[in-house]
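S.K.: Residue strings, one per chain:
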Amino acid sequence: MQNKSTRALYLIPYSAWIILFVIAPIALVVYYSLFDIHGDFTFANYRAFFSSVYLELTLSSFWYAFLITLFSLLIAYPTAYFLTKTKHKQLWLLLIIIPSWINLLLKTYAFIGIFGQYGPINAFFTAIGIGSTQLLFTDFSFIFVSVYIFIPFMILPIFNAIDRLNPALIDASRDLGASPWTTFRRVILPLTMNGVKSGIQVTFIPALSLFMITRLIAGNKVITLGTAIEQQFLVTQNWGMGSTIAVFLILFMFVIMLFTGQKEKGGASDGKTK
Amino acid sequence: MAKPSNVQKIFLTLVFIILYAPIFFLIFYSFNSNGTMSSFDSFTLEHYAAVFEDTRLIMIVFNTVIVALLSALISTVIGVLGGLAIVYLKNRKLRSTLLSLNNVLIVSPDVIIGASFLILFTAVGVRLGFASVLISHIAFSVPIVVLMVLPKLLEMSDSLIDAARDLGASGKDVLTRVIIPYIKPGIFAGFFLALTYSLDDFAVTFFVTGNGFSTLSVEIYSMARAGITLTINALSGLIFIVTVGLVIVYYALNSRNRTPVTGVKK
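From first to last, the protein sequence lines stand for chains A and B. Numbering-wise, the first sequence is residues 1 to 274 according to UniProt numbering. Numbering-wise, the second sequence is residues 1 to 266 according to UniProt numbering.
Worth flagging that the hints you see were computed from the coordinates, not collected in a lab. Backbone N, C-alpha and C fix where the C-beta goes; we use that ideal spot for every residue, glycine too. Treat the hints with caution; some may be incorrect.
Some chain B residues near chain A, calculated using beta-carbon distances under 7 Å [claimed, not checked]: (1) MET37; (2) ILE74; (3) VAL111; (4) ILE112; (5) SER116; (6) ALA139; (7) VAL142; (8) ILE220; (9) SER222; (10) ALA224; (11) ALA226; (12) ILE232.
Subject to a maximum C-alpha distance of 27 Å in a straight line, what follows is the list of computed DSS-like cross-link-like pairs (lysine-lysine) [to be verified]: (13) LYS9/B / LYS87/A; (14) LYS89/A / LYS184/B; (15) LYS93/B / LYS152/B; (16) LYS85/A / LYS9/B.
With the hints as extra help, turn the sequences into a complete structure.
M.R.: Set out below in structure tokens:
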């Protein structure tokens, strides 16, 4: 019976971790959302969330996240697809992944220089006669930098899905007279949908909650749910309101997970390693 | 599958250029004697010298590395135990509940993790600083280790353990001489990912760090908010070299680790 006790021993640290760092934090966020800035019990935070200010913020946050996910997908899918056709595909994949290992802050910082008033993009604009334009602190720069950051994370699960695809299926579809487009739409895309879903999951949820890029690149012009939470917690010190926004962000997260969830274990988990 | 056409090659090349351009842009201007990221004056290494002369920055790099190593080590231990616990659970429902709970922190946005941990530490009374940062990094690295170890554990055949038992191995022997060596690639991948999660983290650390303690990401953030300093560029050059080195070491070790496992299976 020594066996059973050692098994229980394995369970103790892990369940302690789950209780302390998964369940307790969420419970605390929900609890704090019920208090105002003076520590009195109230539902005012929830009422405030359904006011026009926060609803607008939520909508715009979703809109930006949608655009970021869409553009990432439009670039990542063909990239992943073409990558699977290259000769040394694992090496090429590795090369695509390396930039994602570089610290996020550094990449964002690079764009401050690139999009700057005297940066290379503006120098190019001036050279071809458009003249220098304000690029930093615009919606465009925010979406561009975010897409740049998320592309590798979108490519990985899609690449894995396409790579797992049996090439005989494509040949069969061709032999049966399907055009390349039909083959793609009816065979390749449905069979790689799991990868696309994981990609959307790893892009959309973080895109809702970005706050560092909004501060550095969008100069507070774009406010996402993440920026609002950071603002409430660290600037205004209104933890109650911050927690309320966090509660809704967690709810949105679960909804998105339901939509993008899948039976078979997808590419999201084998993340960077492959 | 067919070979990539020229259009596809051009597309891939463009994606590569866009992905790498910002990084090389940073590194290129790290050698600029004129202190800006716009006009290149002449070659200099002064910004690299500035990095090494800045004792505060060196301390922060040191902190970051210590936190990363410690958190990766501890979370790997907890994660491996967690993987074993999940595998030994006979109750299917309980098992899938544990797995779902495990994945919560992986999909949670950093802001949520940061904010909720900040509340947790304040409620429990952990002082914000080294301890709170280290604990958070351990906490968000555990689930990825579990996910890396679990497939290896599930793929392992029970007969291996039975055989070890029949041959007289104790419970401890089975763990250290059969299970651990078998799942070693998973452990290794988990440790490495935990390391990179920690090194890469900004948002969670930003929330739970106090005034006295800072990691590289948080420091770069506050430097970048203040404007352009080429010290950051020099730093990114150094980080790029270290990162590429780490990736190469990881893949070299990984491919070496992988061979014996498949060798046994055949």
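S.K.: Run every hint past the structure and note whether it holds.
M.R.: Hints and how they fare:
1. MET37: This interface hint holds because 3 Å falls under the 7 Å limit.
2. ILE74: violated (10 Å)
3. VAL111: holds (4 Å)
4. ILE112: Hint on ILE112/B: holds, closest Cβ of chain A at ~5 Å, below 7 Å.
5. SER116: Where the cut-off is 7 Å and the nearest Cβ of chain A is about 3 Å from SER116/B, the hint holds.
6. ALA139: The hint holds - ALA139/B has a Cβ within 7 Å of chain A, the shortest such distance being about 4 Å.
7. VAL142: At 5 Å from the nearest chain A Cβ, VAL142/B passes the 7 Å test, so the hint holds.
8. ILE220: Constraint on ILE220/B satisfied, holds at 4 Å.
9. SER222: violated (10 Å)
10. ALA224: Cβ of ALA224/B sits 5 Å from chain A, so the hint holds.
11. ALA226: violated (11 Å)
12. ILE232: holds (6 Å)
13. LYS9/B / LYS87/A: holds (12 Å)
14. LYS89/A / LYS184/B: holds (26 Å)
15. LYS93/B / LYS152/B: holds (21 Å)
16. LYS85/A / LYS9/B: The given pair, whose Cα atoms are some 10 Å apart, holds under the 27 Å limit.
The structure shown violates the earlier hints numbered 2, 9 and 11.
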